[in-house]
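A.B. asks: All chains should be modelled from the sequences, with the hints used to inform the complete structure.
Going down the list, the protein sequences come from chains A and B.
Here this note's numbering is used: the first residue of the first sequence is 1, the next is one more, and so on.
Here this note's numbering is used: the first residue of the second sequence is 464, the next is one more, and so on.
If you are wondering where the hints come from, they were derived from the structure by calculation, not from laboratory data.
Quantities reported herein were computed from a predicted structural model and do not represent experimental measurements.
Incorrect hints may appear among the rest.
As the list claims (entries may be wrong) - Each computed DSS-like pair below joins lysine-lysine, with the alpha-carbon atoms no more than 25 Å apart: (1) B:Lys728 x A:Lys403; (2) A:Lys403 x B:Lys563; (3) A:Lys212 x B:Lys886; (4) B:Lys675 x B:Lys585; (5) B:Lys563 x B:Lys520; (6) A:Lys265 x A:Lys122; (7) B:Lys492 x B:Lys798; (8) A:Lys212 x B:Lys520; (9) B:Lys886 x B:Lys855; (10) B:Lys675 x B:Lys798; (11) A:Lys100 x B:Lys866; (12) B:Lys728 x B:Lys563; (13) B:Lys585 x B:Lys728; (14) B:Lys675 x B:Lys728; (15) A:Lys265 x A:Lys100.
2 protein chains.
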Amino acid sequence: MRAMTEAQLEALRKLLGPEKVSQNESELKVHARDEGGQIESPPDCVVYAESRDDVVKVLQFCNDEGIPVVPWGAGTSLEANPVALYGGVCLDLSRMNAIKALRPEDFQVTVEPGVVHYELNKKLSKHGLFFPPDPGAPATIGGIVANNAAGIQAVKYGSVKHYVLQLEVVLANGEVLRCGSRAMRSSSGYDLVHLFVGSEGTLGVFTEITLKLVGLPPEVSAAVASFPALEGATRAVVELVQAGLSPAALELMDPITVRDINAFKGLTLPEAPTLFLEFRGNGPEVAEDVRLARSICEGNGCTRFESVVGREARDRLWEARHHAYYASAAANPGKRAIITDVAVPISKFPEMVEFARGKLEEFGLGGPILGHAGDGNFHVGIFYGDEQERAKAQAVNEAIVLKALELGGTATGEHGVGVGKIKFMPREHGASYGWMRRIKELFDPNGILNPGKVFPLEADRAP
Amino acid sequence: MRAMTEAQLEALRKLLGPEKVSQNESELKVHARDEGGQIESPPDCVVYAESRDDVVKVLQFCNDEGIPVVPWGAGTSLEANPVALYGGVCLDLSRMNAIKALRPEDFQVTVEPGVVHYELNKKLSKHGLFFPPDPGAPATIGGIVANNAAGIQAVKYGSVKHYVLQLEVVLANGEVLRCGSRAMRSSSGYDLVHLFVGSEGTLGVFTEITLKLVGLPPEVSAAVASFPALEGATRAVVELVQAGLSPAALELMDPITVRDINAFKGLTLPEAPTLFLEFRGNGPEVAEDVRLARSICEGNGCTRFESVVGREARDRLWEARHHAYYASAAANPGKRAIITDVAVPISKFPEMVEFARGKLEEFGLGGPILGHAGDGNFHVGIFYGDEQERAKAQAVNEAIVLKALELGGTATGEHGVGVGKIKFMPREHGASYGWMRRIKELFDPNGILNPGKVFPLEADRAP
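C.D. replies: Next up, the structure:
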């Protein structure tokens with residue numbers, strides 16, 4: 001499937017300079033799939049944008065010619081969010097990785113979309129600041145904002161949308177918008193910033209992002225709690241949240257996840273249902289939080305509560321958690337996975353996890369259960385080898401999503417809709433989904449921006 | 464100016480029942496102006512909606528007939544946000560004041576729009592919970608959400624938009640949308656919730672609102688700090704925020720404000736530039752915060768730092784602050800006021816306040832300066848008596864807003880655009896303002912919802 005003619009490719013090379021437009025096979029391959037790996041579909045070319053002007057030129061050209069444009073950050077997404085389903089231009093923004101303005105006095109930073117979040121945090125730490133949302137993977141800020149990612153610290157600090165103050169966005173027609181302000185509060189007109197956050201590259205391309213930052217806490221303390229049964233762990237989660245503890249992170253891992261992590265990282269964590277906890281604040285506050293957390297965990301049958309004080313020990317622990325996805329992939333060689341991403345109100349969390357576990361068992365499938373428990377968000381890695389297993393995996397996924405919606409939750413807590421969650425959108429949003437599509441058509445009437453994501457491509461629009 | 468014929472009024476009475484449709488002169492008068500009082504313009508009738516169905520019926524009818532509909536909560540706004548500039552129906556939602564579902568286990572509550580925020584908080588306190596945004600006035604939740612209000616506790620807890628999980632909205636054509644979910648995080652499609660929050664009744668009418676709640680902190684401690692000069696107070700604000708102190712409230716009052724409050728509430732606060740501070744948390748944390756705050760204030764010349772421990776003493780203090788608006792009005796009998804509402808990045812706060820003070824002086828106008836300093840948001844009450852003073856007040860207001868925009872801020876931190884801030888929208892938002900209008904036209908093609916707010920009414924649309 002090709003969306004672009006030779007003449008169009010030649011025109012694009014002329015427009016941008018040939019060094020920014022690549023048809024190199026290996027680069028097309030790298031940009032043909034994201035970390036999730038569900039779908040493989042190469043673009044016709046990769047354009048490496050180096051400035052806002054490049055982005056404007058690409059969009060104007062492609063809008064006139066009806067060529068799909070799919071923005072690309074680091075490809076660490078899991079729902080094929082930046083995969084060029086219908087060919088066209090993969091607009092790689094990784095070269096736009098400048099920190100444009102760091103304003104420690106305002107707790108703010110302005111970056112280009114290609115800045116990688118942990119590199120940003122490395123630079124911010126010198127100023128005693130950090131950007132809390134941390135999806136685990138080495139994602140770019142542009143991708144994180146486009147997906148409204150959340151990650152492990154959102155239970156205390158909230159997801160990305162709480163941190164975006166200002167956006168510079170290039171629309172499908174090449175128009176450049178600036179939305180939001182640098183004030184900490186504003187009631188000035190419609191909130192376009194939050195319309196673009198989480199729009200997965202279907203409404204516009206970010207070229208500049210101003211983020212709110214947070215001061216690094218003086219103390220960080222982590223803890224690992226092991227439980228004899230998953231139910232004790234999930235009940236403890238509910239009580240920890242209800243006690244108003246506000247941990248910086250509250251992560252659940254089932255025994256399979258712990259086993260995979262142990263094997264991948266050479267650790268010796270007990271292979272039991274486990275909570276990872278992290279507390280941040282000043283010294284006495286953190287000590288008191290850990291004490292209360294231990295008491296709640298023990299009240300729910302926790303058999304081992306290991307408190308890990310200090311940033312270094314904490315970092316080792318979280319590195320293991322960060323690599324859970326890769327650990328599970330390594331434990332299932334040759335297999336692919338559907339990764340669920342539902343989130344439910346916290347009181348429904350134990351019921352939801354138990355339902356997921358039961359469904360896996362019912363269909364005879366294995367797979368890790370882990371997640372950002374403090375936000376009622378968790379993932380099941382449903383691994384499959386052949387087509388038969390894939391069909392079962394899809395059935396389990398579907399059952400889990402429908403259950404989450406029934407419990408007042410969402411199909412996707414942080415991975416975005418991409419391709420895989422489209423089928424659940426009418427059920428989750430009802431009439432609102434139609435209005436989302438009308439907004440899409442308003443901003444991108446030719447349908448060039450990331451076609452086939454968030455909404456199915458209409459038959460008459462397919463290239 | 465009348466938008467409705469007798470026949471239309473009669474049809475509306477038939478549709479809803481005559482007891483819900485009022486043309487009583489005194490009720491029209493009550494609904495002709497808001498607390499700000501800048502503009503007085505009565506609707507043709509007031510409709511008291513008692514259910515979602517009533518709202519749907521009113522909107523369907525008015526959309527078909529081209530009659531303006533202006534949603535009304537408690538009328539405590541300051542920018543004529545709910546004033547029926549072009550007549551039509553004032554849709555009073557105060558009777559829709561049921562708490563539909565309280566879910567303490569999820570820190571969530573679902574309310575109808577007419578619930579008054581402090582009555583909600585009274586009920587929530589029995590469950591150890593509260594809804595932080597507090598605009599001071601006895602506003603309804605519907606109005607608070609429609610304006611994205613913030614108030615005195617937003618510096619720690621954030622403005623309303625951080626608390627709205629789910630909305631039921633009736634669109635201009637009577638269609639009922641449900642947006643959002645009860646999950647604490649979601650990346651599922653476009654964020655319509657935040658498009659409606661702060662849309663000031665121009666995109667739809669809320670009939671149900673699900674809010675996130677916060678646990679009541681165990682300790683509350685307040686402090687009053689007096690300074691010899693405004694500049695010391697504003698510099699202290701910047702340092703308090705930069706120290707990462709995160710007070711629950713951080714309010715600035717100039718000597719005029721303190722004088723007005725003293726007179727209004729029979730208090731004896733020193734009539735000097737003053738900061739009100741509030742800290743919430745556990746005991747040792749709060750004590751440490753107060754100690755550090757005192758040290759920062761004293762480092763900026765604070766001559767008197769009075770710490771007020773406990774909820775009752777704190778409540779007296781905040782009651783005074785809450786009544787600052789009424790106190791200043793009482794001190795300026797027979798006058799009206801333009802109330803500025805700019806917000807700037809925190810590092811620009813001293814420069815901004817000093818600029819405002821200088822402008823008042825330059826034009827020979829008096830008026831209190833007070834505000835939610837911790838968020839870089841403050842108000843100047845520019846009182847005027849005659850037309851000449853009014854023109855001067857407008858000039859001062861305009862200078863202040865333009866300065867705030869120049870400093871990276873916003874024309875309105877929490878009062879909304881209403882009528883008075885419309886003229887600054889093109890300057891603040893540039894091309895984005897055009898896209899806001901396109902969204903307005905998408906959702907309300909006949910322009911019946913709160914016409915003349917956020918956007919000027921186009922000449923060819925005026926009734």
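A.B. asks: Next step is simple, just say for each hint if it's right about the structure.
C.D. replies: Taking the hints in turn, this is what the structure says about them:
no.	hint	in the structure
1	B:Lys728 x A:Lys403	violated, 55 Å
2	A:Lys403 x B:Lys563	holds, 23 Å
3	A:Lys212 x B:Lys886	violated, 28 Å
4	B:Lys675 x B:Lys585	holds, 16 Å
5	B:Lys563 x B:Lys520	holds, 21 Å
6	A:Lys265 x A:Lys122	holds, 23 Å
7	B:Lys492 x B:Lys798	holds, 19 Å
8	A:Lys212 x B:Lys520	violated, 43 Å
9	B:Lys886 x B:Lys855	holds, 17 Å
10	B:Lys675 x B:Lys798	violated, 40 Å
11	A:Lys100 x B:Lys866	holds, 23 Å
12	B:Lys728 x B:Lys563	violated, 37 Å
13	B:Lys585 x B:Lys728	holds, 23 Å
14	B:Lys675 x B:Lys728	violated, 34 Å
15	A:Lys265 x A:Lys100	violated, 37 Å
Of the numbered hints listed earlier, those contradicted by the structure are 1, 3, 8, 10, 12, 14 and 15.
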